[in-house]
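Once you've looked at the hints, dock chain B against the given chain A.
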Amino acid sequence: MGLLATGDLHGYDLKREHDEVFAGAKPLAFGQVYATLERLQKRQHVQPVEVARVDGPDRTVFALTADGRLELDRWLGDVEPPAPHVNNPLAVKATIALLVGDRDQATRYLSEQRAAHLDRMRHYTKRKTDPAATLPEVLAADYALVHLDADLQWLDLALDRITALHAAVIDSVSTDLPQPSPPTSKVISQK
Amino acid sequence: MNDLIPSPSVRATEGRSTHAVLSARSVVYSYAQAPALKGISMELHRGEILAITGPSGSGKSTLMLCLAGILAPDAGDVTYDGRQISAESEAQRSRLRRTEFGVLFQFGQLVPELTAVENVALPLLLAGRKRRAAVTAATNWLDRFGVADLALSRPPEMSGGQGQRVAAARAMVTEPAVLFADEPTGALDALSGEQVMTQMVRVAREAGTSVVVITHDAKVAAYGDREIIVCDGMLESSRS
Numbered sequence: 000m001g002l003l004a005t006g007d008l009h010g011y012d013l014k015r016e017h018d019e020v021f022a023g024a025k026p027l028a029f030g031q032v033y034a035t036l037e038r039l040q041k042r043q044h045v046q047p048v049e050v051a052r053v054d055g056p057d058r059t060v061f062a063l064t065a066d067g068r069l070e071l072d073r074w075l076g077d078v079e080p081p082a083p084h085v086n087n088p089l090a091v092k093a094t095i096a097l098l099v100g101d102r103d104q105a106t107r108y109l110s111e112q113r114a115a116h117l118d119r120m121r122h123y124t125k126r127k128t129d130p131a132a133t134l135p136e137v138l139a140a141d142y143a144l145v146h147l148d149a150d151l152q153w154l155d156l157a158l159d160r161i162t163a164l165h166a167a168v169i170d171s172v173s174t175d176l177p178q179p180s181p182p183t184s185k186v187i188s189q190k
Numbered sequence: 000m001n002d003l004i005p006s007p008s009v010r011a012t013e014g015r016s017t018h019a020v021l022s023a024r025s026v027v028y029s030y031a032q033a034p035a036l037k038g039i040s041m042e043l044h045r046g047e048i049l050a051i052t053g054p055s056g057s058g059k060s061t062l063m064l065c066l067a068g069i070l071a072p073d074a075g076d077v078t079y080d081g082r083q084i085s086a087e088s089e090a091q092r093s094r095l096r097r098t099e100f101g102v103l104f105q106f107g108q109l110v111p112e113l114t115a116v117e118n119v120a121l122p123l124l125l126a127g128r129k130r131r132a133a134v135t136a137a138t139n140w141l142d143r144f145g146v147a148d149l150a151l152s153r154p155p156e157m158s159g160g161q162g163q164r165v166a167a168a169r170a171m172v173t174e175p176a177v178l179f180a181d182e183p184t185g186a187l188d189a190l191s192g193e194q195v196m197t198q199m200v201r202v203a204r205e206a207g208t209s210v211v212v213i214t215h216d217a218k219v220a221a222y223g224d225r226e227i228i229v230c231d232g233m234l235e236s237s238r239s
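The listed protein sequences derive, respectively, from chains A and B.
With numbering that gives the first Met the number 0, the residue at position 174 of the first sequence is 173, and numbering never jumps.
With numbering that gives the first Met the number 0, the residue at position 115 of the second sequence is 114, and numbering never jumps.
Treat each hint with caution, since some may be false.
[Stated by the list, open to error] Example chain B residues on the side facing chain A (calculated, C-beta under 8 Å, incomplete):
(1) Thr197
(2) Asp231
(3) Glu235
These are calculated hints, taken from the structure and not from any lab test.
None of these values were measured; they are calculated from a predicted model.
Quick reminder that beta carbons are idealized off the backbone N, C-alpha and C, glycines included.
This is chain A alone, in the form it adopts within the complex (with noise of 0.2 Å):
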């Protein structure tokens, strides 16, 4: 409906747009297209205006109806709930590493998991300044970053906090060791 409300559009180029619009995502099926339009046209949401042929067999070109276009609205206002980040698998191999391996071990798999992601970031950087990149283009390629970056400040975060974890282990071990006693002369003298 989204793509509808920028102009009317026939299933083959509603596929085309949508694919080119989300370059970043699985392109959509003939199948999928036409199944939707069909649903939505029951809804009164889309209809038919008209049957086009260009260069091939008859296409039947759809617009958004006033209902559909209150209903892309009330999509739109729709907040979205914010995904549970905390299943990614990513961040549970992380957690993992950092509970089981050593520190060195664990700095490993971060350091290795941090060249991994910077070179995903360096292909989506060099996409979107790619200067016969889409606005589409640039808009996924700054959406992929900016994750890609929340995971590496996470990653960066979590090395951290097991370090200074690591540090108050070892201060309170060593403290709840047995200390020499100081010699008294000294302790009096201090006084």
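Leaving out everything else, chain B in the frame of chain A:
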């Protein structure tokens, strides 16, 4: 089989020669009694964009100052194009900085009383270039950074991003072999920072200038070909 393995000193990536233009070997530097660099060795290849990252206080800016010849290391060598600059006098290093290096700091450090074109022309005038030629070159560099329309504006009249692009033009006006950029987007919003980085990298690649970018921001590091991480005065890793 050996024919397939490039010589370590002359490798080619994406058609670019990767001779080391600048290198550090076991560089040590301390501020009073506080060690900032504890024996760092690294190389910058010709035409490369290298990101030096690390947490605050890790020593990454000190490393840049040693590489740029602004600080002389307590121990170890810094070599630029075959010259061991760490052994040279302050006057020699100063001359080298004027002719071969460009430096861009976080806050641009433009002279507020001068117009943008005067700021950019300044390094050329200090190097003895005639005023007319310096102004022509400065105007050209302002244009390459997309801020030619600000030529007659003074820094207080510019936004942060505009000022930083003028500062980048000033750092590039001498067509340096190496550009050092210390947190070049640190004081900018995301979009202005992106404009500065995009233009700086594009212009540097066109000019064949190698770039050292100091940053704690992975989004900025992602503009580089390679990242090295400085942690507690030592190199954590080097990877491309």
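Interface hint check: Thr197 (chain B), Cβ to nearest Cβ on chain A, cutoff 8 Å. Holds or violated?
For Thr197 (chain B), the interface hint holds, since the closest Cβ of chain A sits about 5 Å away, which is under 8 Å.
Hey, does the Glu235 (chain B) contact hint survive, CB to chain A under 8 Å?
holds, 7 Å
Evaluation of the interface hint that places Asp231 (chain B) against chain A, nearest CB under 8 Å
violated, 11 Å
Checked against the numbered hints given earlier, this structure breaks only hint 2.
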